[in-house]
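Chemist: Please build the complete structure, drawing on both the sequences and the hints.
From first to last, the protein sequence lines stand for chains A and B.
Quick note on numbering: the working numbering labels position 358 of the first sequence as 711, and the sequence is numbered without any gaps.
Quick note on numbering: the working numbering labels position 103 of the second sequence as 456, and the sequence is numbered without any gaps.
It is worth saying that the hints were derived from the structure and are not from the lab.
A portion of the hints provided could be inaccurate.
Copies of the same chain look alike in the list, so a pair counts if it works inside one copy or between any two.
In silico DMTMM-like links for lysine to aspartate or glutamate, alpha-carbon gap of 20 Å or less [as the list claims (entries may be wrong)]:
id, residue 1, residue 2
1, K541, E502
2, K604, D632
3, K541, E422
4, K393, D539
5, K628, E593
6, K541, E423
7, K504, D543
8, K427, E538
9, K433, D392
10, K488, E593
11, K488, E526
12, K541, E424
2 protein chains.
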Amino acid sequence: MIKIAVDAMGGDYAPQEQVKGAVIALEKDQDLFVYLCGDKTAVETELAKYKYDKSRVEIVHTTEIITNEEEPAKAVKAKKDSSTVVAFRLVKEGKADGVVSSGSTGAALSCGVLILGRVRGISRPGLCPTLPNGKGGITLLCDCGANLECKPINLVHFALMGTAYAKAAYGIENPTVGLLNNGTEDHKGDLVHQEANMALKTTPGVNYAGNVEGREIMLGAVDIVVSDGYTGNIAMKSIEGTGKAVGMILKKEFKRNIFTKLGALIVSGIIGKIKHSLDYERCGGAMMLGLSKVVVKGHGNSKAKGFAVCISQAADAVRGNMIGRISDMLEEIRKAEEAAAQVAEAAQAAEQATEQAASETNA
Amino acid sequence: MIKIAVDAMGGDYAPQEQVKGAVIALEKDQDLFVYLCGDKTAVETELAKYKYDKSRVEIVHTTEIITNEEEPAKAVKAKKDSSTVVAFRLVKEGKADGVVSSGSTGAALSCGVLILGRVRGISRPGLCPTLPNGKGGITLLCDCGANLECKPINLVHFALMGTAYAKAAYGIENPTVGLLNNGTEDHKGDLVHQEANMALKTTPGVNYAGNVEGREIMLGAVDIVVSDGYTGNIAMKSIEGTGKAVGMILKKEFKRNIFTKLGALIVSGIIGKIKHSLDYERCGGAMMLGLSKVVVKGHGNSKAKGFAVCISQAADAVRGNMIGRISDMLEEIRKAEEAAAQVAEAAQAAEQATEQAASETNA
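Modeler: Okay, structure coming up:
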């Protein structure tokens, strides 16, 4: 049984949509157990609306809520009985395997770092949303805002963790990775991106496809796009805005007159499918990669269906051993580095021996 | 009469589409004259296909072409008789008022800097494309790739030049400017963006609306979005990719079966309008802001209609005195700085006088 701790009070429509989402996820996944962290009365009121397997739900009463307006780290330290902190604590204590919150991103990140801690060897966790792409599949984009500026090693870690995530939660066998850049050639980008590009070419376990441009994110050229958090954030939101703009134009054109309205009626099924294809919510939330446990951050405005996907995402990542895979990959890199160091040492020893032999011969 | 020099050999479909585009632009604008720089025979062959006002066209024969594969600055120096260099030279010599090329971006930038020179006071020219937005209007995005890294002053200059451009070429009276950032609050972004945000708040002549997120570009929240070239490039291409992805999904859904195909037929007029709304080509090319003359860079894959818009764009910018407006705004800033310095000096003098009076009184 996979156990997921749910922050039932985080989000614009909490706890209604969070509780409903949990019920949907439980219905879909018979091997799932959820802890609903939140105000007992409010959560019970919502739960009472649905039929669900009571043996797989436990309410954990909390008395506080962290809002988006609060300074995250401070709020996490001050509000020990907030739904967010309590949900993370359940994971820390080993009662739950993963946690889902659609509350404040900063608070979730703070809880992740302060309560759960990072995976050994990872200095910077990354925020990795799943985007729907033009091929009808998905593209992972990491980082989307957790780290404004990155070192090459951070970008390499995002690639590695994205790979582990794609394998564990989405069953992609050998996911391809691209580095977001302003061109595909090796000399593109600043020094950080140039170095990261070179390092990724030889990173064990990462199926690196080279630099990719912004347009490849939505065209689905690679499974995982790696970026610093600043650029990733702007790319993601630019994509989001374009989707909305297309929706605005669709609406305007179809509402123009009686004929276009009739047309809209006729193709409404198709338009629905197109909307679904581009719908962010169907792809769930953002995985926080680099923490010692599975943490999914849902959209603040998540509705039940979208929030249910977030819970499934977390359960799938646990089931697919995402964290173990990340550690294994880091270990593989460590071993490769060690082996390379040994080879270098042996080569140096051999050189010295040759030199000595030569000087002895000469003498 | 506005005179535009056209690089007739630059672009994937040159000279066919470039010549046809010039004919379209001439037809639309009776006050336009074009120099077509390119191989005389090739250009004449294309021109022979159309009816046009011969008194407003002059072919300037050139023997060389700069390709995308060449190192721009080198190519510009080596190929003195290339269509690109010759077109820029016509402007330098005062024969033409502006230039349009859909050849190599790097070559056009090099020609701009080496042959025309920058506007006094501008150190970094910016590439400013026009994007169609969800409101049915346009959004200018500067810089989109000319400068990988920027100082705050460069971002301020982009805002100023974008303002002059929006007024001159698009007749927007008091265009609003946003700074592309990973959030709207003043503390968002790195130091460069924080400083630029503060500086823009007091820049004379710039109607600054504050930080804007990626999604605002396509939603049309402001008229001009200012960015460093790296991020701007990735935002622009992310938007481009999303547009293409939507097209892929539309195609797939409408081609699914006989019923959806019928639906597509019924709403084909509407779909055509939606495509038109999102069409980059209808918005023309990117203005190279910061050069001493009007330079428009068209898409490499420009067809005639899109290229005609580029020519109109250049003519409109000349007609609206874009360069003069940029200089005037820089002068205004210089005066404001001078006035501020004088005030500071006067204040210091007054302070000294007061101190002296006080010490004399004490003595």
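Chemist: Could you run down the list of hints and mark each one as holding or not?
Modeler: Hint-by-hint comparison with the structure:
1. For the homomeric pair K541 and E502, the shortest alpha-carbon distances inside one copy (17 Å) and between copies (12 Å) are both at most 20 Å.
2. Taking the shortest Cα distances, K604 and D632 sit within 20 Å of each other both inside one copy (16 Å) and across copies (17 Å).
3. Proximity of K541 to E422 under the C-alpha cut-off of 20 Å is restricted to the inter-copy arrangement: shortest distance 15 Å between copies versus 38 Å within a copy.
4. Proximity of K393 to D539 under the C-alpha cut-off of 20 Å is found in neither arrangement, the shortest distances being 56 Å within a copy and 38 Å between copies.
5. Both within a single protomer and between protomers do K628 and E593 lie at most 20 Å apart by alpha-carbon distance, with minima of 13 Å and 18 Å respectively.
6. In this assembly of identical chains, the alpha carbons of K541 and E423 lie at most 20 Å apart only when taken from different copies (16 Å versus 39 Å within one copy).
7. Taking identical chains as interchangeable, the C-alpha atoms of K504 and D543 lie at most 20 Å apart whether they share a chain (11 Å) or sit on different chains (15 Å).
8. When the C-alpha separation of K427 and E538 is checked against a cutoff of 20 Å, the pair qualifies only between copies, where the shortest distance is 19 Å, while the shortest distance within a copy is 44 Å.
9. Taking identical chains as interchangeable, the C-alpha atoms of K433 and D392 lie at most 20 Å apart only when both belong to the same chain, with a minimum of 14 Å there against 76 Å between chains.
10. When the C-alpha separation of K488 and E593 is checked against a cutoff of 20 Å, the pair qualifies both within a copy, at 17 Å, and between copies, at 15 Å.
11. When the C-alpha separation of K488 and E526 is checked against a cutoff of 20 Å, the pair qualifies only within one copy, where the shortest distance is 18 Å, while the shortest distance between copies is 42 Å.
12. Taking the shortest alpha-carbon separations for K541 and E424, only the inter-copy value of 14 Å comes in at or below 20 Å, while the best intra-copy value is 37 Å.
Of the hints listed earlier, the one the structure fails to meet is number 4.
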